[in-house]
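**Q** Just need the whole structure built from these sequences, with the hints factored in.
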Amino acid sequence: MIQAIAASRCPTCALTVAPPAHFCPRHPVEMAPAAVAGVGEIVSFTTLHSPPEGFRAPLHIALVELEGGARFVCHGAETRGLRVGARVAIEAVDDVYYFAHLGALDRARLFWRRAGHAGDRVNAIARSLAQRVWKGSSGAER
Amino acid sequence: MHDVWVAGAAMTRIGRRSEPLTDLMAEAAHAALRGAGLEGPDAIVVATMNPEEFLGDGNFASHVATHLGFAGVPALRVETATSSGAAAFYAGFALVAAGLRRAVLVVGGEKMTHLPTPKVSELIGRSIDPYERRYGATMPALAGLVTRALLARHAVTPREMAQVAVKNHAHGAKNPLAHFRQPLTVDEVLESRMVADPLRLLHCCPISDGAAAVVLAADRARVRVAGIGQGTDTLAVRHRRELTSFPATQDAARAAYAMAGFGPERVEVAELHDAFAPFELIALEDTGLVPPGKAGRATLDGETALGGRLPVNPSGGLKARGHPLAATGLAQLVECVWQLTGEAAGRQVGARVALAHSIGGLATSNWVTLLEAA
Ligand SMILES: [Zn+2]
Chain H
804 MIQAIAASRC PTCALTVAPP AHFCPRHPVE MAPAAVAGVG EIVSFTTLHS PPEGFRAPLH
864 IALVELEGGA RFVCHGAETR GLRVGARVAI EAVDDVYYFA HLGALDRARL FWRRAGHAGD
924 RVNAIARSLA QRVWKGSSGA ER
Chain A
17 MHDVWVAGAA MTRIGRRSEP LTDLMAEAAH AALRGAGLEG PDAIVVATMN PEEFLGDGNF
77 ASHVATHLGF AGVPALRVET ATSSGAAAFY AGFALVAAGL RRAVLVVGGE KMTHLPTPKV
137 SELIGRSIDP YERRYGATMP ALAGLVTRAL LARHAVTPRE MAQVAVKNHA HGAKNPLAHF
197 RQPLTVDEVL ESRMVADPLR LLHCCPISDG AAAVVLAADR ARVRVAGIGQ GTDTLAVRHR
257 RELTSFPATQ DAARAAYAMA GFGPERVEVA ELHDAFAPFE LIALEDTGLV PPGKAGRATL
317 DGETALGGRL PVNPSGGLKA RGHPLAATGL AQLVECVWQL TGEAAGRQVG ARVALAHSIG
377 GLATSNWVTL LEAA
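Chains as they are written, first to last, in our numbering: chain H, 804 to 945; chain A, 17 to 390.
Note that these hints are calculated values from the structure, not bench results.
A couple of the hints might just be wrong.
Label-pair ranges, simulated between beta-carbon atoms [stated by the list, open to error]:
| no. | chain 1 | residue 1 | chain 2 | residue 2 | range |
| --- | --- | --- | --- | --- | --- |
| 1 | A | R142 | H | P828 | 44 to 52 Å |
| 2 | H | H852 | A | L116 | 27 to 35 Å |
| 3 | A | R257 | H | A835 | 18 to 26 Å |
| 4 | H | H830 | A | R368 | 40 to 48 Å |
| 5 | H | G857 | A | G115 | 46 to 54 Å |
| 6 | H | H852 | A | D203 | 19 to 27 Å |
The structure presented is a predicted model; accordingly, all values stated were derived computationally and were not measured.
Idealized CB from N, CA, C, for every residue including glycine.
**A** Written as structure tokens, this is what we have:
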């Protein structure tokens, strides 16, 4: 369920960035395609109470250190109880990335798996969470 | 390399101004030239961050030179986002140090208050990495990420952050050119509206109009440029390993101290880029002015207040003097000059060495400049 996230790695310094970049930010060399797991640790997060045009308040933004090394910027539907260092899973909804507490998502998956509805339901939940944050359906490509 | 001297320094009152930007820049520029005893410079360096969007005007070096009455004088524009004023100072310094020019007018300014706040935030936010912007990242948002990480590491406390704003408002009250001249209490800061959790409104600098100017000259004057350095970092915050300090400041400081031939121990007054209150605490440590981990304590103990061991932001800083973007790096240097020449009436420190620190973008292009009284 947790997606692999497209990334790129520098052949010189091994810096991994997501989404992929053409050149390493620190070396004038082409980066090689890579993929990193959609799980990681919260480096920091914030909530904007007057977000920029096109976003709904409150807007949660997190910086997540993915397994595999890349740091990743994403949204979240909720930050209550969230701490720096918390384990989160990354989910994509309409090409927009969201973090969710790994524990809660895992519990949801187990529940729906037992009930006989696998991925669809979890995606539906993620989508409804996302709609609370996001105004349009493809807002990220404004 | 030739010695470079600050022969004149001036700035406008900062705040909500009705005059056009070119008039504000003329006020500062003409006053700086008068101070230098010059009729005109032999080159002009202009700093504006984004007059194309704020005002709809381009070709701004020619625009300003013509407006000032120096249409025949070579002029260029320098831009490094919110540190453009410091970058322009560097360009002027380099022209004189190289022996290409003998008297360079450096003038910076910005006009912002005529636009609604969300529009201003969006325009400033264009200096952020485009991918991070697509997730709603603004300057306060990225500063909020930095602040949360600082608090999580117990590197600063909410009270220490609030005290930065309180101190700088107390200083601004003594500066007739400051945007805000009313004092602030710690409780007012801690109870102000949440902007980018955990950053609150009164941790953040205002939107201001204003201009500042200096004349850099080959002929000896009362203040010498002892050292200047730039440090840079990745545009994207997610491409960095470090969130709670700014390597761009550390690199800039190292370069400035190396050029000056002395270290932070000789600095007696500083103007630091406190666009967000915790940034002053980060800058204090990144520039080596206080040991790692001690900035918050030093601030609570009054070490960085007027009358303390090392007064920081006697002008009121970005928080209280105001932050008219490209004017700010120069306004900091004007305050440093006035502190070194005894012209900072009401907030005079009595120093021989001053340090100015300016942040461009989210610490992607930072500057440290050291000035020394002759
Ligand atoms: Zn590399």
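**Q** Does each hint fit the structure? Answer for all of them.
**A** Taking the hints in turn, this is what the structure says about them:
no., hint, result
1, A/R142 / H/P828: 44 to 52 Å, "19 Å, violated"
2, H/H852 / A/L116: 27 to 35 Å, "50 Å, violated"
3, A/R257 / H/A835: 18 to 26 Å, "20 Å, holds"
4, H/H830 / A/R368: 40 to 48 Å, "42 Å, holds"
5, H/G857 / A/G115: 46 to 54 Å, "52 Å, holds"
6, H/H852 / A/D203: 19 to 27 Å, "20 Å, holds"
When each numbered hint is compared with the structure, violations occur for hints 1, 2.
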